[in-house]
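**Q** The residues making up each chain are set out below.
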Amino acid sequence: MTKRHSLKKIRNNLDYLIFLAIPLFIYIVILIIPNLKIFFYSTIKWNGISEKYEFVGLKNYINLLTQDKVFPLAFKNTVIYTVTVTIMQNIPALLLAVLISKQSKINNIFRTLYFLPAIFSTVTIGFIWGFIYDPNLGVLNMLMNALGLGKYTKVWLADEGVVMFALALVHIWAGIGNGMILFLTGLKNISLELYECADIEGAGGWQKFTRITLPLLRPATIIVLVLTTIGSFKAFDFVYVMTGGGATHSSEVLATLLYKEGFQYNRVGYSAAISVILMTVIMIISFIELKVMQERD
Amino acid sequence: MKWRKFLVVVICIFVLMSLFAGCGSKQSSTNGEKTSEPEKKQEESTPVESPKEPVKLHVLTWRNEDAEVFAKLNKMFEDSNPNIKIDMQITTSDTAEYYSILKTRIMGQQDLDIFSVHPGSYLNEYANSSMQDITGTPVTKDIMPSMLEAGSVGGKVYAIPQAQNSTLIFYNKKIFEKYNLTPPKTWAEFLNIIDTLNANNVAPMSVGMADTWTTIWLFDNVQGGLTDDVKIFEKLGKEVQFTDPEFADVFKGLQELGKHNFTQKDAIGTKYEASLALFAQEKTAMLDTGTWSVGGLKQQNPDLQMGFFAMPSPNDKITVQITPAQAFGIYNKSKNPDEAMKYLEFLFSKEALEIYGNETGQLVTRTDVTLSVPELNEVSAVLSQVKTVPQLRLYSPNTKIDGDILPAASVKAILGEDVDKIISEAQAQLEQVINE
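From first to last, the protein sequence lines stand for chains F and L. The first sequence begins at 1 in this note's numbering and counts up by one. The second sequence begins at 1001 in this note's numbering and counts up by one.
Hint data in this document are derived by calculation from the structure and do not stem from the laboratory. Take the hints with a grain of salt, since some may be wrong.
[To be verified] With a straight-line cut-off of 20 angstroms between C-alpha atoms, the simulated DMTMM-like cross-links for lysine to aspartate or glutamate are:
1. F:69 x L:1431
2. F:69 x L:1417
3. F:102 x F:193
4. F:45 x L:1436
5. L:1387 x L:1316
6. F:188 x F:199
7. L:1265 x F:159
8. L:1421 x F:68
9. L:1185 x L:1249
10. F:69 x L:1418
11. F:154 x L:1266
12. L:1421 x F:160
13. L:1156 x L:1345
14. L:1342 x L:1142
15. L:1317 x L:1228
16. F:69 x L:1420
17. F:37 x F:54
18. L:1265 x F:160
19. F:59 x L:1431
20. L:1174 x L:1375
21. F:76 x L:1425
22. L:1333 x F:51
23. F:52 x L:1436
24. F:69 x L:1425
25. L:1178 x L:1303
26. L:1156 x L:1234
27. F:59 x L:1436
28. L:1252 x L:1425
29. L:1085 x L:1111
30. L:1185 x L:1228
When you get a sec, could you build the whole thing from the sequences and use the hints?
**A** As structure tokens, this is what we get:
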């Protein structure tokens, strides 16, 4: 009886299963298998060009975690970058979304303006900001000097104390539009009647924001938080274009480190071990974020 | 409901058929039009002889400052070989960027016929696995023996350096004249020049430390006179360690330079290209680079009056390291090895190397080429007065040593970090790399 029932169930859902089979097959071949291969690569010593390789087990991981002086620095920099971007990008993105959520012509212009950086190529943005930050020819230091703030000027992309924040600022500038659009979508799903009821009951702007907008934006917030965390944890393009991880690794992040180890220094196995760690950390953080937010729901 | 299922099955069959059709039928491309195998067979049976398909050679190199001269040479080659087209991709000089592109091409088995490598540890990595053995072929005939050696691994020639450069200090003649300065013969004289320039508010030397790797030439220059062992890098990690005086003294020398503020302001935030521009714009009095920069600097400022001198080491000895540059070789899985060899023969012909040397201001690697670049005469005069050795790092056992460990340690020394700490960190990294 059960067997017949399940067969019938399969037959009824056959069209869905067939439709799902093709993308699933492509997904497995293009994404899952290469990702699983990374685990294998992380256990070998291979220069990436030779046909020969040597199985070294967990040696790459052990070296990475016990001997490598750059890995802890890159990890720390990645965490600083991620925390800065996640907080400093999403709070303003939420505020901007709330401010320009009402339909009007001027708000449409603002939405376009705020979203504009998101459509530029990240390499172009990196180059432009690289020039802005340049200590000798850059606009930022010139402007600060002109405003009498000369004593606060810095070598923005080489000063260990500020470089990660300078890089994160560029990420925030480029990504704030994306967060704003996702929050705007969430805001559209909140019924206006709730605000009308709140108005009738005499609630103020702050109360409406904290009691209605924020709780009902939770699904959008989860998506934005998870996407920003993943995006900034594996940040590569801005860092690579503007500093290349230098000077002397002061702005090295995990993605630039694994790129250099794999492609420049031909240590593919070692590089794969870094990427496995990066992937694991991202999965753990994303899982925790989802759990915490869902529990609050 | 039944018609819907039927429709779904039909669509899926079509999708799968198109996928299999794409994989199954071998296609060949002629003049941009694709013909499937049966059609091709039909075409082959017809008596009309179709014109021979032009061969496209894919060449990869990093000398973007030589893009114009390469375009000129490629056109010359194409004009005399109408059936061969050259598709040359030129990246920036950033080794990370260049080797990532090269490796992606090799790993992805993409189109590649000829590529250049840095002689030394990079060549060692690529020679056996990815380059064709060209020992004894006609292309090697008139190349300087020392340059053939630089392009060899295990006694076999895999690549030929196009130019031979030397890392020297370039100086602005006008600025030097203004402050009555002459090229130094001793370390103390060199430090005195730096102090004089600083006292007159002139930035002594352009250094692009933001890129880190650029400081490797400073390392080379300081190390030059400090060691007589030309195979010191070959022994690294075995008989020789970073903790030995030969290396420790180099970092101490770099630290002393740092104490004398030998760079422009904010050198740590300046990129390599910007450091060249500062010298070309006459905003700095000296530049630590190699003769590969002569052409580019002249292009940026044709009125720039450059002079050259070899940097004295802290022990007052002067030794200049001769660097074989961009060595070209043939990819061992090239689909067009004969045409690739033809191009290589052209690139290393007397005529092509004369053009290349004259237009880029670099000494080339053929024995029978004479160049008419005034700056190169000056360089030759400088080199004739000092001891020259092949670049010591040619024998470096690992790309990470000269690509990362030494440049990073050099920057730290210049910035004034404790030399003992720098050495112990570099030694730990060396041991990690060697023990792997």
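**Q** Does each hint fit the structure? Answer for all of them.
**A** Do the hints match the structure? See the list:
1. Between the alpha carbons of residue 69 of chain F and residue 1431 of chain L the distance comes to roughly 12 angstroms, so the proposed pair stays at or under 20 angstroms and holds.
2. For the suggested pair residue 69 of chain F and residue 1417 of chain L, the alpha carbons sit about 16 angstroms apart, so the restraint of at most 20 angstroms is met.
3. The suggested pairing of residue 102 of chain F with residue 193 of chain F holds, with an alpha-carbon distance near 15 angstroms, which does not exceed 20 angstroms.
4. Proposed proximity of residue 45 of chain F and residue 1436 of chain L is supported: the alpha carbons are some 8 angstroms apart, at most 20 angstroms.
5. Restraint check for residue 1387 of chain L and residue 1316 of chain L: the C-alpha separation of about 13 angstroms stays at or below 20 angstroms, so the hint holds.
6. In summary, the hint linking residue 188 of chain F to residue 199 of chain F is supported, as the alpha carbons are separated by about 18 angstroms, within the 20 angstroms threshold.
7. For the hint linking residue 1265 of chain L to residue 159 of chain F, the alpha-carbon distance of about 13 angstroms falls within 20 angstroms, and the restraint holds.
8. For the suggested pair residue 1421 of chain L and residue 68 of chain F, the alpha carbons sit about 15 angstroms apart, so the restraint of at most 20 angstroms is met.
9. Taken as a hint, the residue 1185 of chain L and residue 1249 of chain L pair is honoured in the structure, with Cα atoms around 19 angstroms apart against an allowance of 20 angstroms.
10. Taking the CA atoms of residue 69 of chain F and residue 1418 of chain L, the gap is near 17 angstroms; set against the 20 angstroms cutoff, the hint holds.
11. Between residue 154 of chain F and residue 1266 of chain L the CA atoms are separated by roughly 9 angstroms; this keeps the pair inside 20 angstroms, and the hint holds.
12. With a CA separation close to 18 angstroms, the supplied pair residue 1421 of chain L and residue 160 of chain F stays within the 20 angstroms bound.
13. For the given pair, residue 1156 of chain L sits about 18 angstroms from residue 1345 of chain L by alpha-carbon distance, which is consistent with the 20 angstroms threshold.
14. Straight-line distance between C-alpha atoms of residue 1342 of chain L and residue 1142 of chain L comes to about 16 angstroms, which keeps the hinted pair within the 20 angstroms bound.
15. For the given pair, residue 1317 of chain L sits about 10 angstroms from residue 1228 of chain L by alpha-carbon distance, which is consistent with the 20 angstroms threshold.
16. Taking the CA atoms of residue 69 of chain F and residue 1420 of chain L, the gap is about 16 angstroms. The hint holds against a cut of 20 angstroms.
17. A hinted pair counts as satisfied when its Cα atoms are at most 20 angstroms apart, and residue 37 of chain F with residue 54 of chain F qualifies at roughly 15 angstroms.
18. Pair hint residue 1265 of chain L plus residue 160 of chain F holds up; C-alpha atoms about 17 angstroms apart against a cutoff of 20 angstroms.
19. For the hint pairing residue 59 of chain F with residue 1431 of chain L, the CA-to-CA distance comes to about 14 angstroms; that is within 20 angstroms, so the pair holds.
20. With a C-alpha separation of about 15 angstroms, the suggested pair residue 1174 of chain L and residue 1375 of chain L falls inside the 20 angstroms cut-off, and the hint holds.
21. With a C-alpha separation of about 19 angstroms, the suggested pairing of residue 76 of chain F with residue 1425 of chain L holds against the 20 angstroms cut-off.
22. Distance check on the hinted pair: residue 1333 of chain L and residue 51 of chain F sit about 13 angstroms apart at the alpha-carbon level, within 20 angstroms; holds.
23. Distance hint between residue 52 of chain F and residue 1436 of chain L is fulfilled; the C-alpha atoms sit about 15 angstroms from each other, no more than 20 angstroms.
24. Pair hint residue 69 of chain F plus residue 1425 of chain L holds up; C-alpha atoms about 8 angstroms apart against a cutoff of 20 angstroms.
25. The suggested pairing of residue 1178 of chain L with residue 1303 of chain L holds, with an alpha-carbon distance near 17 angstroms, which does not exceed 20 angstroms.
26. With a CA separation close to 18 angstroms, the supplied pair residue 1156 of chain L and residue 1234 of chain L stays within the 20 angstroms bound.
27. Straight-line distance between C-alpha atoms of residue 59 of chain F and residue 1436 of chain L comes to about 9 angstroms, which keeps the hinted pair within the 20 angstroms bound.
28. Proximity of residue 1252 of chain L to residue 1425 of chain L is assessed by CA-CA distance (about 15 angstroms); at most 20 angstroms being required, the pair is judged to hold.
29. Only pairs whose Cα atoms come within 20 angstroms are accepted, and residue 1085 of chain L paired with residue 1111 of chain L is accepted, the gap being roughly 13 angstroms.
30. Between residue 1185 of chain L and residue 1228 of chain L the alpha-carbon distance is near 19 angstroms, which keeps this suggested pair within the 20 angstroms criterion.
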